[in-house]
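*Asks:* Next come the chains, spelled out residue by residue.
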Amino acid sequence: MADPQPTEPPRPPIPHAGVKTVAMIVMMFLLLGGFVLYVMFARGVFEENQRLVLLAENSEGVTIGMDMTFTGFPIGRVRRIELGDDGKAHIHIDIPTKDSRWLRTSSIFTLERGVVGGAKLRAFTGLLDDAPLPDGARRDVLIGDATAGIPHLVSSLRELADNLVRMTAEEAPLNASLANVRTVTGAMTGPRGALDGLLGPAGARRIHDSLEQTNRLLAQTNARLYGQGGQGGLMDDAQRATGELHALLADVRASLKKTDALLDEARGIAVNARVATEDLDVLRNEVEASLRRVSGLIEEVNRKWPFARERELKLP
Amino acid sequence: MAVVTHFMIIMTALPLSSPVASRRNSRGGRLTRALRRESRFVLFAAATLIAVFSPATYSRAVRQAAAQAVCFSAWQALPGYALLSVLAGAVLTHIVAVSAATYGLSHLALEAVVRVYVVELLPLVAALFVALRSGLDLLDRLAAERARGADFGTAALFRQQVVPGVAGNLLAVIVLTLASGLLVLATAYLVVYGVTPWGLADYTRLVGQVFDPVTAPTLLLKIFLFGVAVAVAPVAVVLDSPRRAASGSEMRVMARLLLLLVAIEGAILVLLHF
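Residue numbers (our numbering), protein chains in the order written: chain A, 1 to 316; chain B, 1001 to 1274.
Warning: the hint list may mix true and false statements.
To be verified - What the simulated footprint calls covered on chain A by chain B, stretch by stretch (three residues with Cβ under 8 Å from a Cβ of chain B suffice, anywhere in the stretch; the number is not a length): (1) 35–42; (2) 62–76.
Stated by the list, open to error - If you anchor each label on the Cβ, the simulated ranges turn out as follows: (3) A:55 to B:1197: 36 to 44 Å; (4) A:115 to B:1111: 16 to 24 Å; (5) A:40 to B:1111: 13 to 21 Å; (6) A:22 to B:1103: 45 to 53 Å; (7) A:40 to B:1063: 29 to 37 Å; (8) A:15 to B:1103: 47 to 55 Å; (9) A:172 to B:1111: 46 to 54 Å.
What the hints assert, rightly or not - So the derived list for chain A, only partly shown, Cβ under 10 Å to chain B, looks like this: (10) 23; (11) 24; (12) 25; (13) 32; (14) 143.
Calculated from the structure, these hints are not laboratory results. Ideal Cβ placement from N, Cα and C applies to all residues, glycine included.
Looking at chain A on its own, in the form it has when it is part of the complex (with noise of 0.2 Å):
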């Protein structure tokens, strides 16, 4: 049975239509192929792989095709996660044999929870020239879980909210203490302010009696002090006596100034008197030298005639 022919369509027919079909289909499966092939690839199937076992309190958070990172850069990928039959979880890594060489015997691995995000799997190597880690081996993972602190937390604020509750209830202290601040503060308000809310209305009366004799004290001594009516008080009184002080003072300090002349001579007179007995004190050595002169010639003139004298002492 001949096909009958196709309707025409309304649209213009579009040239080259079976090349263009052609290289569309052709651009399907490259697409198709390529999609295929770099997430392939990128899974790390073309890869040679070296295993690693992590045992695991608790796997929570890892999750298959995630990453175990040194240094920050991935080196391996979480293959499988099995529930082991010594209870712990049995976390099967890849790790490709090119990264291999980051991991060590004395290799640390950890599983470290955030409180944003997935948990992350890391390795730590202290020593690199340690003998590389063996395929299949098997290592403890250390788990670092920054959420586990979160239910002690919880309890807390827990805590923290029940005395808040208990603070801020009905009958509570605070709310006591609060009424009675409300209460001395309203008294501040009040014609003697401050007063009232300290020291209560009997003790701020005495107060403002005290304060009020106080004032009367003082405007009478004011009115001592510096008189009233045009009567002069103590103090005109004082300033008078300031004035005549000062004009003594003034008598004095002319007094003092004679004194003093009369010192100045009694100073030149003093050391006058002070020259002349230096000068008696040389005719004082030049006296007594004359004297012991005039006494050695009265000496030699007794010896000699007619005035010498047996000078033998005759003993009995």
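Put chain B on the given structure of chain A with help from the hints.
*Replies:* Only chain B this time, still in chain A's reference frame:
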């Protein structure tokens, strides 16, 4: 020829309209009628797909008509759609990257773009784009033919009129989704890392993490199912009676298509995340 014979048996068994059933207004009657209509639609879709994927269907005239349909649906639409996808992808990636960096979560930005835009949004947008552009065109032409009384129960007319449009729309959805998806993957890399090869290793690992052994096949399955829905839903108008086809079928067919797309998307989401 065996496939064509099989197709003829299916098409002959399908009642193209049932005016008697339309007079029943009870709830049970409406449910039965709806189930029957949907089963007819499923059988029709299966027969159409068999015809589309059978090499024996493509005689010279059908090949030429299919080539025209593929060029109209895919070849002409690809540049514009790819350009729009790349622009939207660049803008979306930039917004997500900047927002994530504000909250100190920049390491999650690319993953979010790939998971949300490439895996979820692009296939749906491509399906709707093809449905509104060439699906509606095919629907109008077939509805006009049906209104004129054309009998699509004959294999020859079915192959000449229906199969090329179905093949073109199916291929268009697949090609547009794959091309725009890969272009957006490249654009997202350039937006985040810039023109440098040093982020390729990280980016490749990220793509590998997103497209795990479940997600990648599921995405391909979703693209194919979207393509089938977009390709088959408009041509279901040939099941209508000539009077119903003449009364305008766009809203009904597009609503059914939208429902199908949402159902597929929901089923895929359930498969992926639950």
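*Asks:* Does the structure break any of the earlier hints, and which numbers would those be?
*Replies:* Violated: hint 14 alone.
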